[in-house]
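Generate coordinates for the entire structure from the input sequences, incorporating the hints supplied.
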Amino acid sequence: MKKILKAKGFKMLTALVLTYIIIQVLVSTNIINDYMQATLVTIFINIILAVSLNLITGFTGQFSLGHAGFMSIGAYTCALITARIPTTWGFILGVLAAAIVASIAGYLVGLPTLRLRGDYLAIATLGMSEIIRIIFINMDDITNGAAGLLTKRFVNWTWLFIFTVITVYFISNFLKSTHGRACISIREDETASEAVGINTTKYKVMAFTIGSFFAGIAGALYASYFYVIKPDIFNFNKSVNILVIVVFGGLGSLSGSVVSAIVLALVSSFLQAFSDVQMILYSLLLIIIMIFKPGGLLGSRELSIAMLGDWRAFIGEKFKALRSRKEKKTTAKEDLDNDPVENK
Amino acid sequence: MDQLLQQIINGISLGSIYALIALGYTMVYGIIKLINFAHCDVYMIGAYIGFVCITSLKLGLIPALLIAMAICTILGVLIERIAYRPLRNATRIAVLITAIGVSLLLENGMILIASPQVRVYPQIDGLLAKSFDIGRITINMKQVLILATTIILMILLQFIVKRTRIGKAMRAVSLDTEAAQLMGINVDTTISFTFAIGSALAGAAGVLVGVYYNSINPLMGLLPGLKAFVAAVFGGIGIIPGAMLGGYFIGMVETMVAGYGGSMFRDAVVFAILIFILIVKPTGLLGKNVREKV
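Chains E and P are the protein sequences, given in the same order. Residue numbers are given in our numbering: position 211 of the first sequence equals residue 532, and the series is strictly consecutive. Residue numbers are given in our numbering: position 55 of the second sequence equals residue 61, and the series is strictly consecutive.
Hints were generated in silico from the structure; no laboratory data involved. Just so it is clear, the structure is predicted and the values come from calculations on it, not from any experiment. Yeah, the Cβ is synthetic: ideal placement off N, Cα and C, and Gly gets one too. Among the hints, erroneous ones may be present.
Claimed, not checked - Output of the computed footprint for chain E on chain P, the stretches with three or more beta carbons under 8 Å from beta carbons of chain E:
1) 10-20
2) 282-293
Stated by the list, open to error - Derived lysine-lysine pairs resembling DSSO-like cross-links, with alpha carbons at most 27 Å apart:
3) P:168 <-> P:64
4) P:64 <-> E:559
5) P:39 <-> E:614
Said to hold, decoys possible - Far from chain E, some chain P residues (derived; all Cβ distances over 12 Å):
6) 39
7) 69
8) 91
9) 101
10) 103
11) 105
12) 130
13) 173
14) 186
15) 271
Rendered as structure tokens:
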């Protein structure tokens with residue numbers, strides 16, 4: 322029993338259940354109102370997107386600027402399926418189909434373009450996602466062109482919570498597997514990992530396919546919550562926004578992506594109050610953070626319970642140092658006070 | 007045949023503009039390996055400065071062009087100085103995100119100052135309003151103006167890069183920054199100068215677009231910016247003649263596709279060409295293949 326209680330997985334599970342219960346209580350007591358619930362849903366979708374892009378860009382080191390394209394494929398697939406089968410089962414089928422179609426697209430896009438390196442790959446993926454967007458605009462019969470599709474709402478935030486947890490769990494476990502380690506080795510040094518016998522193309526395409534799989538899920542969830550999808554939602558800016566979350570949290574840190582998705586969503590919903598200058602403040606913030614903390618919030622470290630312990634020790638030490646300094650000061654003061662008396 | 011020639015002439019005008027913007031991208035990339043996303047917004051601001059000069063200050067086209075180029079030069083140098091220089095030793099992706107931040111800042115700053123609505127450039131009368139026919143092809147004086155300005159600027163650029171001391175420094179820094187520094191070249195000044203030239207060209211392109219298409223708005227830089235970057239990659243990024251070639255090619259392709267009935271797909275075709283080129287010859291048409299050594 323003690324072993325189970327001490328296991329890392331159990332702690333994680335408790336934390337998740339607690340988070341769920343707290344949010345659920347807040348929602349049912351209406352402290353989190355409908356508007357804030359939309360922010361909550363955005364946070365979860367952004368976490369899925371950021372974590373999956375982090376797998377491609379942060380861990381495998383392949384710079385992609387086309388994540389929104391795969392998201393849009395997922396969104397349209399799911400919307401078209403739920404329009405035919407408007408039930409919860411239809412929604413589940415839609416999410417699965419969305420993920421599979423998006424990952425097939427990711428595979429097809431990744432196979433030729435992943436031979437490119439660095440900025441060239443970024444531009445190629447950017448071009449791909451623009452092409453996907455233009456195709457959606459022009460397939461009037463199926464996608465209703467630029468006006469977009471109207472969808473029904475199938476999910477509440479519980480669904481999103483579940484999918485987010487599955488995504489993070491899957492990707493963090495993938496990274497601990499042989500394949501995941503191979504991906505990380507490609508980021509560290511592609512030539513060296515090729516030299517030790519890692520099939521770099523295979524693992525790059527694998528990371529890219531998995532990343533687009535989850536981007537497809539995020540798109541499907543988006544389509545099932547926000548009533549309307551149109552090609553312009555998934556434009557270049559969307560891809561950039563996802564990348565900003567990833568870099569802000571720290572390339573190669575899953576918990577960083579989660580934290581930064583939450584922080585950025587809260588910041589931008591807080592900035593809604595200054596709607597005139599909202600984007601200006603956002604961009605200034607972005608520039609300032611990048612200048613002063615170019616590695617992102619967490620760098621490539623992970624947030625963990627052990628780290629919290631470290632922090633506690635760190636803060637405790639600081640506190641102790643502060644107190645001892647204070648004590649020294651007071652004693653010094655007393656000395657000073659005493660000195661003249663002694664002199665007299 | 008007539009239609010083809012007409013499309014080629016239209017393509018040259020559009021291509022000139024892409025080439026002018028692409029030059030800025032390619033020079034900056036060549037020297038500090040940064041996709042300067044803010045570049046397309048410098049072009050947008052150039053268009054707005056030209057608009058103010060022509061409507062409020064009642065200046066002629068040529069003074070407006072020169073003022074726009076001058077202010078864009080200052081803007082470009084300031085952007086480099088404030089946003090990119092502190093990140094000289096940071097990872098490239100951090101600089102890229104900063105560039106995106108600057109781009110957002112310029113766009114939204116402009117929306118705040120000038121409102122998001124579309125502004126219409128005043129019709130310019132006199133010589134520029136005329137057009138003349140050769141056979142059944144119409145050539146607009148504006149098209150002549152664009153081509154002439156572009157050619158003058160490109161000759162000037164070639165002169166600066168090939169014949170002056172600072173041009174030599176630019177080439178040296180883009181070839182090998184550290185070695186250039188060891189030879190006593192001031193790298194920071196050289197980079198600033200590169201931004202200055204690139205931004206001046208973008209400013210000129212902005213005014214020309216305003217005159218040619220008549221309408222400008224704060225987000226006008228987005229798509230031309232991407233396409234100009236495609237042009238730079240197409241010709242081989244970091245190579246100045248490559249950017250010119252790429253700009254004209256992309257402009258030509260775009261007008262051809264639009265002219266022969268595919269106007270909805272013209273952006274898609276541009277990006278498809280980009281991907282094709284990248285897969286077949288990743289260093290671009292004029293690029294040299296550099297083997298990676300371990």
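- Say whether it holds or is violated: residue 69 (chain P) keeps its Cβ farther than 12 Å from all Cβ of chain E. Holds, since 31 Å exceeds 12 Å.
- Item | Given as non-interface: residue 186 (chain P), which should sit over 12 Å from chain E by C-beta | The assertion about residue 186 (chain P) holds, with a minimum of 22 Å to chain E.
- Given the proposed pairing of residue 64 (chain P) with residue 559 (chain E), does the C-alpha separation stay at or below 27 Å? violated (40 Å)
- Query: Beyond 12 Å from every Cβ of chain E: is that where the Cβ of residue 105 (chain P) lies?
  - Reply: violated (9 Å)
- Message: Is the claim that residue 130 (chain P) lies outside the interface with chain E correct, judged by CB distances over 12 Å?
- Response: holds (33 Å)
- Task: Could you grab the alpha-carbon distance between residue 168 (chain P) and residue 64 (chain P) and see if it respects the 27 Å cut-off?
- Result: Violated, at roughly 37 Å.
- Classify the label on residue 39 (chain P) as holds or violated, using whether its beta-carbon is more than 12 Å from each beta-carbon of chain E. violated (8 Å)
- Three residues minimum, CB to CB under 8 Å: does the segment 282-293 of chain P make the cut for coverage by chain E? Let me know. holds (count 3)
- Assertion that residue 173 (chain P) lies outside the chain E interface [Cβ separation over 12 Å]: holds (25 Å)
- Task: Evaluate the condition: distance from the CB of residue 101 (chain P) to the nearest CB of chain E exceeds 12 Å.
- Result: Given that some Cβ of chain E is not farther than 12 Å from that of residue 101 (chain P), nearest at about 8 Å, it is violated.
- Query: Is it correct that the beta-carbon of residue 271 (chain P) has no partner in chain E closer than or equal to 12 Å?
  - Reply: Answer for residue 271 (chain P): violated, closest chain E Cβ roughly 7 Å.
- Does the no-contact call for residue 91 (chain P) survive, Cβ to all of chain E over 12 Å? violated (10 Å)
In this structure, the hints that do not hold are numbers 1, 3, 4, 6, 8, 9, 10, 11, 15, in rising order.
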